[in-house]
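Got chain A sorted already, so can you dock chain B onto it with the hints?
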Amino acid sequence: MERRRWIIGLLWLLISVAPAIAGEPAAREAWVTATVSNPNPYAGQQITYRFALFQSVRVTDATFQPPAFDGFSAKEIKDRASRRETIDGREYVVTEVYYVLVPLASGTHTIGAATLQLGIVRPDRQRRRTPFDDFFDDPFILRGRVEPLVLESQPLAVTVRPLPSWDGPPPFSGLIGEFDLTAAIDNTRLKVGDSTTLTLSIQGRGNIADAAPPPITMPESVKTYADEPDEQIELTADGYQGKKSFRTALVPVQAGNVPLPGAQLVYFDVAREAYRTLTAPLPVLSVAPGETAPALPPAAGPAAAQPKKTAVTFTGRDILPPREGLTALTPHRPLTWPMLLLGLLLPAAGFGATVLIQRARRMDRHPVARMRNRTRQAMKTARAQIAADASAFLTALYKALTSAIFARIGRSGEALAWKEAETLLCDHGVDPELSRQAAELLTRIESSKFSGARISREERERLLVDTRQMVRRLIL
Amino acid sequence: MSRSIRILAWTAAALALWWAASAASTLARPFLAGLEAYQAGRYGQAIDQWEDIVRSGVVNAELFYNLGNACLKADRLGPAILWYERAARLRPNDPDLRFNLDYARSLTRDRPEEAAVSLARILFFWNYQLSRRVVAVTALAGNLTFWLLMIAWRVTRRRGFFRAAVLVAVPTLVLILTAAYNLHDDGRRRQAVILPEAVSVRSGHQPTDTELFVLHAGAKVRVVKQQKNHYQIRYSADKIGWIEQQAVGLIDTIK
Numbered sequence: 010m011e012r013r014r015w016i017i018g019l020l021w022l023l024i025s026v027a028p029a030i031a032g033e034p035a036a037r038e039a040w041v042t043a044t045v046s047n048p049n050p051y052a053g054q055q056i057t058y059r060f061a062l063f064q065s066v067r068v069t070d071a072t073f074q075p076p077a078f079d080g081f082s083a084k085e086i087k088d089r090a091s092r093r094e095t096i097d098g099r100e101y102v103v104t105e106v107y108y109v110l111v112p113l114a115s116g117t118h119t120i121g122a123a124t125l126q127l128g129i130v131r132p133d134r135q136r137r138r139t140p141f142d143d144f145f146d147d148p149f150i151l152r153g154r155v156e157p158l159v160l161e162s163q164p165l166a167v168t169v170r171p172l173p174s175w176d177g178p179p180p181f182s183g184l185i186g187e188f189d190l191t192a193a194i195d196n197t198r199l200k201v202g203d204s205t206t207l208t209l210s211i212q213g214r215g216n217i218a219d220a221a222p223p224p225i226t227m228p229e230s231v232k233t234y235a236d237e238p239d240e241q242i243e244l245t246a247d248g249y250q251g252k253k254s255f256r257t258a259l260v261p262v263q264a265g266n267v268p269l270p271g272a273q274l275v276y277f278d279v280a281r282e283a284y285r286t287l288t289a290p291l292p293v294l295s296v297a298p299g300e301t302a303p304a305l306p307p308a309a310g311p312a313a314a315q316p317k318k319t320a321v322t323f324t325g326r327d328i329l330p331p332r333e334g335l336t337a338l339t340p341h342r343p344l345t346w347p348m349l350l351l352g353l354l355l356p357a358a359g360f361g362a363t364v365l366i367q368r369a370r371r372m373d374r375h376p377v378a379r380m381r382n383r384t385r386q387a388m389k390t391a392r393a394q395i396a397a398d399a400s401a402f403l404t405a406l407y408k409a410l411t412s413a414i415f416a417r418i419g420r421s422g423e424a425l426a427w428k429e430a431e432t433l434l435c436d437h438g439v440d441p442e443l444s445r446q447a448a449e450l451l452t453r454i455e456s457s458k459f460s461g462a463r464i465s466r467e468e469r470e471r472l473l474v475d476t477r478q479m480v481r482r483l484i485l
Numbered sequence: 271m272s273r274s275i276r277i278l279a280w281t282a283a284a285l286a287l288w289w290a291a292s293a294a295s296t297l298a299r300p301f302l303a304g305l306e307a308y309q310a311g312r313y314g315q316a317i318d319q320w321e322d323i324v325r326s327g328v329v330n331a332e333l334f335y336n337l338g339n340a341c342l343k344a345d346r347l348g349p350a351i352l353w354y355e356r357a358a359r360l361r362p363n364d365p366d367l368r369f370n371l372d373y374a375r376s377l378t379r380d381r382p383e384e385a386a387v388s389l390a391r392i393l394f395f396w397n398y399q400l401s402r403r404v405v406a407v408t409a410l411a412g413n414l415t416f417w418l419l420m421i422a423w424r425v426t427r428r429r430g431f432f433r434a435a436v437l438v439a440v441p442t443l444v445l446i447l448t449a450a451y452n453l454h455d456d457g458r459r460r461q462a463v464i465l466p467e468a469v470s471v472r473s474g475h476q477p478t479d480t481e482l483f484v485l486h487a488g489a490k491v492r493v494v495k496q497q498k499n500h501y502q503i504r505y506s507a508d509k510i511g512w513i514e515q516q517a518v519g520l521i522d523t524i525k
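If you read the sequences in order, they're chains A and B. Each residue of the first sequence is one higher than the last, beginning at 10 in my numbering. Each residue of the second sequence is one higher than the last, beginning at 271 in my numbering.
A few of these clues could be false.
Unchecked claim - Just a few of them, taken from the derived set where beta-carbon distance is under 10 Å, the chain A residues facing chain B:
hint	residue
1	I328
2	E333
3	L335
4	T339
5	W346
6	T363
7	V364
Unchecked claim - FRET-style restraints, in silico, Cβ to Cβ:
hint	chain 1	residue 1	chain 2	residue 2	range
8	A	T345	B	E306	33 to 41 Å
9	B	G474	A	P330	38 to 46 Å
10	A	A358	B	Q515	43 to 51 Å
11	B	T415	A	E333	36 to 44 Å
12	B	T415	A	K389	39 to 47 Å
13	A	A358	B	D456	23 to 31 Å
14	B	E306	A	S295	57 to 65 Å
15	A	A358	B	S376	50 to 58 Å
16	A	Q367	B	Y451	29 to 37 Å
17	A	H341	B	Q515	20 to 28 Å
18	A	P330	B	V425	52 to 60 Å
19	A	P340	B	F394	51 to 59 Å
Calculated directly from the structure, the hints in this document are not laboratory data. All C-beta atoms, glycine included, are put in the ideal place defined by N, C-alpha and C.
Just chain A, same shape as in the assembly (with noise of 0.2 Å):
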């Protein structure tokens, strides 16, 4: 853009002469640029890449695609930027992009086009004008056409340069910009273990997320602790810049005047276009004698620092001493094949008898095994009333024989006629002979129960011998 300077009377008028720009009018209306803050960086200088739109009339939908950076490293700025600028007498909206580019390596790289998409809002000629339109003459609500237009800026070519080589004894910190380095000491006077914090600052524009603490070989009488560096860096449309401070905890271990070395930067400077070493120089501590050994730096607070951990080693080798508790007389009984087997089976063993004692319990259930069970209890409790109660006698006779009965037919049940036994008898297959026998003696045993005539005590042996023989003959 070429610029002239009139002066007419006492007013100073700046008159820009636009580049020559396509005749058509849509291209006056909106179009881009691109540029970079130096064509001709070193290899790890950072550098700006601008892109920016103007434009005279409203546009909408616009959509913007960076070019690729083939040989940077690109980081973006955020912060876009829009302003008014007047060209040619007219006024045009200019919104700028812009990204911090890093070259990764020397030599000749392209930066392709990067390219806007957007829609000129024409406005809608042949619609009336109504008297809400003012109302509504909002930016955001679009009455027209919209014109879609693709703009591309040109492409760019950098030279990359190269660093020059550096032979310098303090090694090359591999910062590349323009910086600055400070040092400062919180205390001078000290006593031997008391802490004091050294902290050096570096400051300035470039590559200073990459500083490392400038080396500083401190004298054997001072034990270092560093601790995390402070980094307060920002990303600007110049690149980035700010300030990175380390610190590092001092704890002097011995009495006396101790010089301390200065601290050493070497960095590329660009401006200059030459290797810089900053120094920083440190002063003299002094130490008095302390009143206990050196320690550790202080635990909490600004100065703290983390020592730096090691893994615990052996200092002296012995064993463990031995055990004199009276346990060790405790025998130790080894498990043997018998005992596993034993400590197996017999839980199964247990298992086994209780599914035993379940059948067993299962077959008294049965009519069959109940019936035999009440026979036999009424036989002996006719034994034990022989002499005793004649109608207890006879109730027990006649439970028993009946009770027998039911057994032998596979029922259960309480009373049973003599007719009744005998029929019930043969048609479960008994001998007829037998189930006559059985009748009988039901019918003898009823007579002498219900008849109430006296019973000899021959007759009730007679009448229990025949019933313990009946029932013999019905159950075995």
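Relative to the frame of chain A, chain B by itself:
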């Protein structure tokens, strides 16, 4: 009648108690004497006292540990590792024992050649994490629990008992099989420790047979065969030979 039975029972109990107390005091005396000798630095005397207790039939990991300590202090590396190994067989996870055994092993001259971690150690990890006694007791407890649950199911017919029994059955079966394998293995596997400072392992029983390699005190070997007064031992896959019986101490056998 019942009174006389009661008197007899009480008398028997009192006799048993007296016998147990007298036996304990009989053993406690040499044990404490051994401790006193150990503290005074008379390690040989401590070894004698404690070995007497072992000879009386006491098998105890703590006693073996003490013997290992005394042997190590007396510069008898082979017997020290032997006693530590015997203690480790009874109580493998004792931290003091592990520490001292590791220390004693660090003094041995022969580098073990067999890989420490085998596939069996990974697959059957529980058998290496738990002592054999714990495995056996847990297996028996699981077995008892299983059958009690089965009995409860049989009596109450509640399905919950049966399901619980099935759940218990799986780990119990694994532990029972492990305990059975351990018992079988105890009878089959015979490990030993080299006792002298150095011993020649030969190709045969005779002193004139070729010396194949030399093992040093504390080296752990496996006894493959026994013939006359010699053992055929295996140190690693490619190092097998014959050695005199008195040159090794069997870990599982205490004489």
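A quick look at each hint next to the structure:
Given hint, I328 of chain A at the interface with chain B, holds; its Cβ is 4 Å from that chain's nearest Cβ, closer than 10 Å. Checking E333 of chain A against chain B: minimum C-beta separation of about 6 Å stays under 10 Å; hint holds. Look at L335 of chain A: its Cβ gets to within about 6 Å of chain B, closer than 10 Å, so that hint holds up. Because the closest C-beta pair between T339 of chain A and chain B is about 6 Å apart, less than 10 Å, the hint holds.
Proximity of W346 of chain A to chain B holds as hinted, the smallest CB-CB distance being about 6 Å (cut-off 10 Å). The interface hint given for T363 of chain A holds, since its Cβ lies 5 Å from the closest Cβ of chain B, which is under the 10 Å cut-off. Checking V364 of chain A against chain B by beta carbon gives a least distance of about 7 Å; that is within 10 Å, so the hint holds. The hinted range of 33 to 41 Å is satisfied by T345 of chain A and E306 of chain B, whose Cβ atoms lie roughly 36 Å apart.
The hinted range of 38 to 46 Å is satisfied by G474 of chain B and P330 of chain A, whose Cβ atoms lie roughly 45 Å apart. Taking 43 to 51 Å as the suggested C-beta distance range, the pair A358 of chain A and Q515 of chain B conforms, at roughly 44 Å. Under the hint 36 to 44 Å, the C-beta atoms of T415 of chain B and E333 of chain A, about 37 Å apart, fit the expected range. Range check, T415 of chain B to K389 of chain A: Cβ separation about 45 Å, and the 39 to 47 Å hint holds.
Checking the proposed 23 to 31 Å range against A358 of chain A and D456 of chain B shows it holds: the Cβ atoms sit about 26 Å from each other. A hinted range of 57 to 65 Å for the beta carbons of E306 of chain B and S295 of chain A is consistent with their spacing of about 60 Å. Between A358 of chain A and S376 of chain B the C-beta distance comes to about 52 Å, which sits within the given range of 50 to 58 Å. For the pair Q367 of chain A and Y451 of chain B, the beta carbons lie near 36 Å from each other, so the given range of 29 to 37 Å is met.
Checked against the hint of 20 to 28 Å, the C-beta distance between H341 of chain A and Q515 of chain B comes to roughly 25 Å, which is consistent with it. As the Cβ distance of P330 of chain A to V425 of chain B is approximately 54 Å, the hint placing it in 52 to 60 Å holds. The hint said 51 to 59 Å for the Cβ distance between P340 of chain A and F394 of chain B, and at roughly 28 Å that hint is violated.
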